[in-house]
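Spelled out, the chains give:
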Amino acid sequence: MSAAGNEWPLWEVFVRPKAGLEHKHCGSLHASDAAMALQLAREVYTRRQEGASVWVVPSAMVTASDPAEADMYFDPMQDKVYRHPSFYPLPAAVDHM
Amino acid sequence: MYTQAMDLAPQDERLALQATGDAEREARFEAHVAAGGWVEPKDWMPDHYRRTLVRQISQHAHSEIVGMLPEGNWVTRAPTLERKTILLAKIQDEAGHGLYLYAAAETLGTSRDEMLAALHSGQAKYSSIFNYPTLTWADIGTIGWLVDGAAIMNQVPLTRCSYAPYARAMVRVCREESFHQRQGFSSLLTMMKDGTGEQRAMVQDAVDRWWWPCLMMFGPPDGQSVHGAQSARWGIKRVSNDELRQKFVDACVQQAEVLGVTLPDPDLKWNDARGHWDFGAIDWSEFWRVVGGHGPCNRERLAARVKAWDDGAWVREAALAHAQKQAARAAKTLEAA
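Going down the list, the sequences are from chains A and B.
Counting in numbering that gives the first Met the number 0, the first sequence runs without a single skipped number right up to 96 at its last residue.
Counting in numbering that gives the first Met the number 0, the second sequence runs without a single skipped number right up to 336 at its last residue.
Just so you know, nobody snuck in bad clues.
On the chain A side, residues computed to face chain B include the following (Cβ under 8 Å):
no., residue
1, 5
2, 6
3, 7
4, 26
5, 27
6, 28
7, 29
8, 31
9, 32
10, 35
11, 43
12, 46
13, 66
14, 67
FYI, nobody ran anything at the bench for these hints, they're computed from the structure.
Quick reminder that beta carbons are idealized off the backbone N, C-alpha and C, glycines included.
Given the sequences, and given the hints that come with them, work out the whole structure.
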């Protein structure tokens, strides 16, 4: 990350497109504090009724998995086929269960 | 995630990994991109890919921001309240587009301040189309129809750019840009249909002045494009300059007819064999002159951006000082409790 002396901190913006749906990450922005981040998020990411609710989270507070280790990290799930309903063939009479 | 501030593995551990087999990683990267794979901010990528993207995305962002200036020129003189609110909404969109793009460029590890400093020093470029003046109200409609029309042609293929944050930003931009083009055409159509002879002449004059600079927006001919081949291989540029330019001309001819204006090119002629419109030679010396800083408004545009940045310095500092004071107070209250 480049040195950013007096830059306003970076925030991640999550928008709930409409009631009943989950918040979804849609971008980031700079703001001096949480109140300003919320206000700017509304101006930048919901100018056309794209949202019913907005979350802002300081980017520095996000901890992420390492993409370089994605294979190792997520692969073991692939051989656990018994976690999927299709692993269990049932008689035709009840197969739509 | 758009952020570059995320917590990852310790630096030294990552550097040690990096030393081993950069060539192998590069080969894997090339194969991944060639197969149409996406690249995310924290994925390994060659330095040159990163630099190319920072240059292209930041230039794109600068263009959106500088592009607000020629339009801002007419906000107070829009002919009706409706046209004024439309123009304001469009200018706000341009600001938004600039912000999406700066955020996407920042994920590559270059700070917003660094990008702005490069713009303000003249080191970074922006689209040379914005170095032309907006002399009449018809220029505003023409910018919507032709400049935004050309921008859309350029931008739609970028929604499939290999660098995913850029592609995602472009999806959003393209969705909004279509309103820009339509409102421009509608504004011109009103003048051509319901206007006076003088107003129709004003539209024709605007089209005469903007047509050729718009064809230049697609960049130099394919043979002369400096970054073309590599950008194509990396999935940064998926359609060539000349192909996009042809597509734009083909689309505009019919629109001009509907509008009732003449495109200022005597060589414009339907070519049955090619299935495209032939058009005249572009004056590339003008393009290079404007890119090189000698267009009609280069100095004015840059000076306006630098002034806005300098005049806003106290606001940025005060907001940060306020936030720090509030945080310190909150910490103190917590301690006392």
